[in-house]
Structures are given as structure tokens and as C-alpha cells.
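Each chain is listed here by its residues.
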Amino acid sequence: MIYRETGQFKANYQDDQALFPIDQDRYVIFGILFITFAVVPYLLNQYWLNAILLPFLIYSLAALGLNILTGYCGQLSLGTGAFMAVGAFSVYKLMVAFPELGFIPLVLLSGLITAAVGTLFGLPSLRIKGFYLAVATLAAQFFLIWLFNKVGWFFNYSASGMINAPPMTIFGVIVTGPEANDVAKYYLVATFVAVFALAAKNIARGRIGRNWMAIRDMDIAAELIGVRPLIAKLTAFAVSSFYVGMAGALYFAVWLGSAEPTEAFDINQSFLVLFMIIIGGLGSVLGSFLGAAFLVILPIMLKNILVDGFGTDSALSAHIEIITVGVLIIGFLIVEPHGLARLWRIAKEKLRLWPFPY
Amino acid sequence: MRKLTRTIVAALLTLPLISGVASAYELVMPTLDYRTGPYAPNGIPFANGYGDYLNMLNERDGGINGARISLVPCETGYNTKKGVECYENLKAEGQSGALVFQPLSTGITYQLIPKASVDEIPIFSMGYGRTSAANGKVFPWVFNFPATYWSQATVFVQYIGQEEGGMDKLKGKKIALVYHNSAYGKEPIRTLEKAAEKFGFEFMALPVDHPGQEQKATWLQIRREKPDWVMMWGWGVMNQVAIKEAASIRYPMDRFIGVWWSGSENDVLPAGDAADGYLSGAFHQPGDDFGAHRDIKKHLYDKGLGLGERDRIGEVLYNRGLVAAMWTSEAIRKAMEIHGTNEVRGKHVRDGFEALEVNEARLKELGLEGFTIPIKITCENHEGPGQVALQQWDAKAGKWNLVSDFYEPLRDITGPLIAEDSAQYAAENSVTERSCN
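Line by line, the protein sequences give chains U and A.
Each residue of the first sequence is one higher than the one before, starting from 1 at the first, in this note's numbering.
Each residue of the second sequence is one higher than the one before, starting from 1001 at the first, in this note's numbering.
Source of the hints: derived by calculation from the structure; they are not laboratory data.
Backbone N, C-alpha and C fix where the C-beta goes; we use that ideal spot for every residue, glycine too.
Don't take each hint at face value.
Label pairs and their in silico Cβ distance ranges [said to hold, decoys possible]: (1) A:Ile1249 - U:Lys150: 38 to 44 Å; (2) A:Ala1397 - U:His319: 33 to 39 Å; (3) U:Val335 - A:Gly1287: 54 to 60 Å; (4) A:Ala1419 - U:Phe30: 54 to 60 Å; (5) A:Pro1270 - U:Gly206: 58 to 64 Å; (6) A:Gln1095 - U:Val195: 38 to 44 Å; (7) U:Lys150 - A:Gly1340: 38 to 44 Å.
Here chain U stands alone, though its shape is the one from the complex (with noise of 0.2 Å):
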């Protein structure tokens, strides 16, 4: 009854083909994008902006990233935390080297070197498949790892290898470093969320979607039909490292501040991001939001109900909460192995009939 398009008519080509096309998408989308934007910045304090959002928001990001690359064209990837560093890595430099350019266009532009160094780690899936080229993959977060913590140049000399990110402002107002504005940095990782997970839905139901998909679904016939496997699936590496790109190089400088690659970009960072596209729905923009909200939100909030709600001891809440999430992930793969996006749908489709369903 809620959920009903009858009566909404479209006219013409280009309504039939909106990216919402029916109605209650839309308001939900806009009303989604006021909260965001206009209620959810002055209702919550520091910490959530800080602790909760931000890490929502920056792995909803690479989770897009990856659910491009391996959602939508097929090609399973190992190498997001590596990616992630090249990003975080890049940003720094052009940081310190280039502060007059100012933060949104060194983010842009890391996220550009990201894609080109994507792209190279990307050849080799014109010839291996499926799990040699997830292996392939992990090389590249070996080999990329060990480089920014062997290299001094990445670092800067700095005696430890770690880098920190220096101040940098938008518009006179502080985003990086500590003394950074809440509301602002909130502002900026929203802002680059919303805009580049926008471009990630028309890119992937246009023409270089399309083709992707074809790979993903049958490459030999993809290849029959007049796909070319090698800009489709080297599209698809640089446009996925440039999203993961640009997730790492805000990870690093807007949320923690300082990194050091072999724990802030380790190969669980690779996993973690893999499991928040799978759980979330492989080849769904919303399924790498749920993905991200259930492996970042969930876990923190278990923690908080868990230790201020019932006093829980911190270790055993600790212990609880990996067990719960454990159980969750295997709980819903069960229910649904294609994902929380999927459900949605099931939902959708439940919603459009009720209350008389047949």
C-alpha cells in the first residue's frame, strides 16, 4: 500500500530511464540525503561524528570501490588495503609538497595516482581468473605494503615510518590534523560519499556498466557480443582504485590523522572490505552502505550496550561482540547469500503487495 506505483505514468524516455524512477525511491533518497546533510551534524556530538560516522562513512566509500571492481565487472580482489595506501601514501606527499592546491583536489588527485597504479596491478587479470587472480591481488598488498614501510622517501625519513597528516583548511576552515572542525570533516567525507556514490550508480547502468557486467557474467560471450575485455576490465580497476584511492587518502588524513601501513593498511583491512561488499550484496551501490554500517556501526554500538548499558567487563564484551558479529555474518549468509541489499529487495517486493499479498 505504501510501497505502490500504480497510477505514476512516465511520459517520456528520459523518466522511464531516471535513476529512481519511481516515486517513494526518490523521497526516501532526498529525504536520506536531508538527514545526512541538515539534521544528523547538529544532533549528534563529537563522538559519533567522529568515532562512528566518519569510519561509516570512509569504508562505505572503499566498499564502493571494490563492489565495482568486484560486484559489478567480477574480477575478486585482494589488494584494497594496498590500494588504500597508495591513497593514503600520496595524499601525504602532495600534502607536504603542495599544500596551496588546497585538500579536495589532492584527494581527487591521489585518488587519481591510486587508479593508475590500480590499473598496472590490473593487467594481469587479462590472463588469470577468478582465484589466481585474487591471489595476483594479494601480491599487490604484499609488495605495495612493504614498499611504503621500507622506502623512506613515503615517509618522509620520519624515524618511526609513521606519517601524520599536516593541517590543511577549506574555506578557512580547519579539516585535517587535530585541530580539525567536527562538523566540517563530517561535512567533507559526506559530501565526497554522496557525489562519487551518485557517479558509481549512473556509471554502472550506463554503457561501462553494462559492459562490466557482461564480463562478469560470461566473458567469452561478453568478448562474442563486441565487449573488449581489456578496457572493461582495466576500466574497472581504475575507476574501483580510484573510489579506494580517495576512501584511503580521507582514512588516513581526515579520520585518524596519522597511519603506519603495516597495521592501519594490513591485509585485514583487504578482508574487512571484501566482507562488508559481500555481506552487503555484491554489485548494489546500497549494499556497500550496509555492508559498512553492519562491520563498522554494529560492532561499536554492541560495544556500548554492552559495557554502559549492562556493565559488561571490557575484555568479555570484547569477546561477546566478536562472537555475535561471527554468528550475524554466518546467520545472514544463511538467509540470504547474496546479501543485506538483497533483502532489501525481498522487502521491497513484500511491501509493493502488502496488505494483500497473493
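Here the structure of chain U is known, so what remains is to put chain A in place on it, guided by the hints.
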């Protein structure tokens, strides 16, 4: 389903009520523990020692000068991201706000150094974290006494020189460093490189990746290269694996020196008798034969209030947690004295740290006579004395013994390095040096 929803809503609504009970002024001391993960064997005894000492002050004296201490633990698992989340969560806890953070992880310390100075909360990274924070002019909010990693590295070089029969005998010797491949493990490298230049020994650095369970390749290299001495900057499970590997290639244990985070019972016990003679840095005594320990047993463990197990009181890392708690509580006491109030905040406690002096007489009053070195902190020197001794493991008796005097660090090596590194930090983060007059 509806019942479940109602329960959840009810639970959420009552949450603020449970946590928001107001009472008398309490000194909020957050602890970033790690009782889970690969570093838990070392994190648990430290957290127990730290917590037990402060809880004992509550039980015995009713807190510090009558103000009760409220310990707020947060589990980090030695993970930097979780540590930052804990910090954000706890920094404004209670009426007083967090008074001091003890991160117990170099990675977390690096994250918190810039944040804490903005939030006006002191950081006490006791003998770890960023070495150049010893320069109080650039790092007013960070304290890393009683000695830094760089001081410790120079002390080890002196010990080796002494064992070899003089510093001039170091020429041509080969010294290897097995280190945790992270910010923490890399700290001493530059100092040792400088020392190698000065004394003419050959220095080789061998990284071990987190968490350090796999070290076969590293020790194979040591067997091949045959260094005269091996130093180790390890933590967690890495320590015991390294000592076991050293034993398996029959490397002489009395030529194997660990940093003070690589010298606890947990690290040597798994290797059994083979670990006999292993050395490590130390700045306090092992054992539980002190007044403070007896008070902890009497006021906590006899009443079932202890955080750990009774027979593990006095282990090396337990005592390290205890000494950290002692210095922290003394700093708070000092802050109360300076500002003439019990209702101190983070910024007052910083003043307390900067004026902190715990001499032999005060240690005796605290029931810790001869337990550690006397310290005196000043505005420009946040490292304090910088003295380090060596302790040796006696596998038969199953205990550590201090086997050397406290050495002075080689300040002609560490001094310029600290000045250089803190200047770099100041330049990168546009910090202006404060004056200390």
C-alpha cells in the same frame, strides 16, 4: 516480534538513566586495556597491575587525598583504530573528564599525541611511544619518563661494550636487532645506526611482521650471519617465539638482550630451561616483596576485589603497570597540591606531571623502597633520568634478577636525534616551541 521491539525500545530509553547517575567528584582514569588478541599475554598483567594499585588506593586511603578514583577500562586489542574510538568515547567521561591517558601502544600513542594536546589531556607513555616527546618544549602534553627507547638502546650498547672489555672493543663486532615491524620496533634503529658509526660495530636490522608467530627466516639469517649480540624490540607473542627460536639455533642467551617490553615471565617460560640467562632492560624491580604489594593483597585480594590471580602479583609486567599507576597517582596528588583543589582536570594533571618528583624518601613512604629509580620531571625534560638497568632470567629459580647498575644513556647520541625529530614534528604540524623559563 512486537514484544521484542518493545523490549529493545525500553532498553534504549533506560540506557541514559543507567549510566548517568551523578555522585561525588571522582577522578576518572580511563585505561586502554588489551585482554584480547595476540598481545593479550602482555596486556593483561600490565592492566592488572595498573588497576590493582589504583583500586588499592581507593580501598586503603579512599582514593587520592580523599577523592575516589574511577577506573574506566576500554578494550583495544592493541588495535589503533579501536584505541582511537576508546579515546573519543572516554575523553569527556564523568565530571572530571579523562585525567590522563596511558595508551600502552606506540601506534595509539602516535594517534593521541596531537589529539590530546587539543583536548588538554596529558598522555603518559611510560617508556614507550614517540621518543622525541622527551622534548617538553615541543610536546607539552606528553610524558615518556623514566627513559626512552633511544636511551635504552645506548644503554645496551654500553653494556655490550663493558662485557666485551671496553667500548673500543666494539669495533668490528656485529650486532643484530630483531624488531617488531611497526612504529614501535623501528624506534631504536636510528640510534643504533648512529652508535654503530661512532663505535665502529656492524649493525643489522631484521624485521618481524605482526604478530610475529613466524620467525624461522629471521633466525636462519642470524644462524648464518652469526652476530656477536642480538637485541630485540618485540611485544606479545613475538617475544616467546623469538626466545624459542634462539634456543633452537643454540644462540647464547646471555648475548641476547630484549627491550623492557620483551622481558617478562610470559616471554621466557615457554622456552623452559633453554631461556636461562636471557637479558632484558628494566627500570624497576621484579617480585612482590614490597609494602604496596602487601597492601594490594590485604585490601583487594583478601576481599576478592583483585583484577588478576594472586600468585601472579609481582610479575614483571604486573609491576610495570603498578609503577605506572604509582607515578600517575603521584602526579595527580601533585596537581591537587599545586592548584589547591581536589577537583582537578586534565590540564591540572599535566602541571602535576611537569612538577613531579618521586625521590627515595617518597618511594619509601609509598611502600616501594628501592623499587625503581627516583625521577624528577621538568618543563623541558619529559624523559626524566633516562637510566636503564639490565635484568637476567634465572630459569631454575623461575625469576628475574637485576644484574647491572643503572646506566646513564649516551646523551651525545640521543640528544641531537631528539632535537632533530621534535623539530621535524614541529615543522610538519606547525607547532611553535614554548619557552621554559
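Each hint tested on the structure:
no.	hint	verdict
1	A:Ile1249 - U:Lys150: 38 to 44 Å	violated (26 Å)
2	A:Ala1397 - U:His319: 33 to 39 Å	holds (35 Å)
3	U:Val335 - A:Gly1287: 54 to 60 Å	holds (56 Å)
4	A:Ala1419 - U:Phe30: 54 to 60 Å	holds (57 Å)
5	A:Pro1270 - U:Gly206: 58 to 64 Å	holds (59 Å)
6	A:Gln1095 - U:Val195: 38 to 44 Å	holds (42 Å)
7	U:Lys150 - A:Gly1340: 38 to 44 Å	violated (54 Å)
In the structure shown, a violation is registered for the earlier hints numbered 1, 7, in ascending order.
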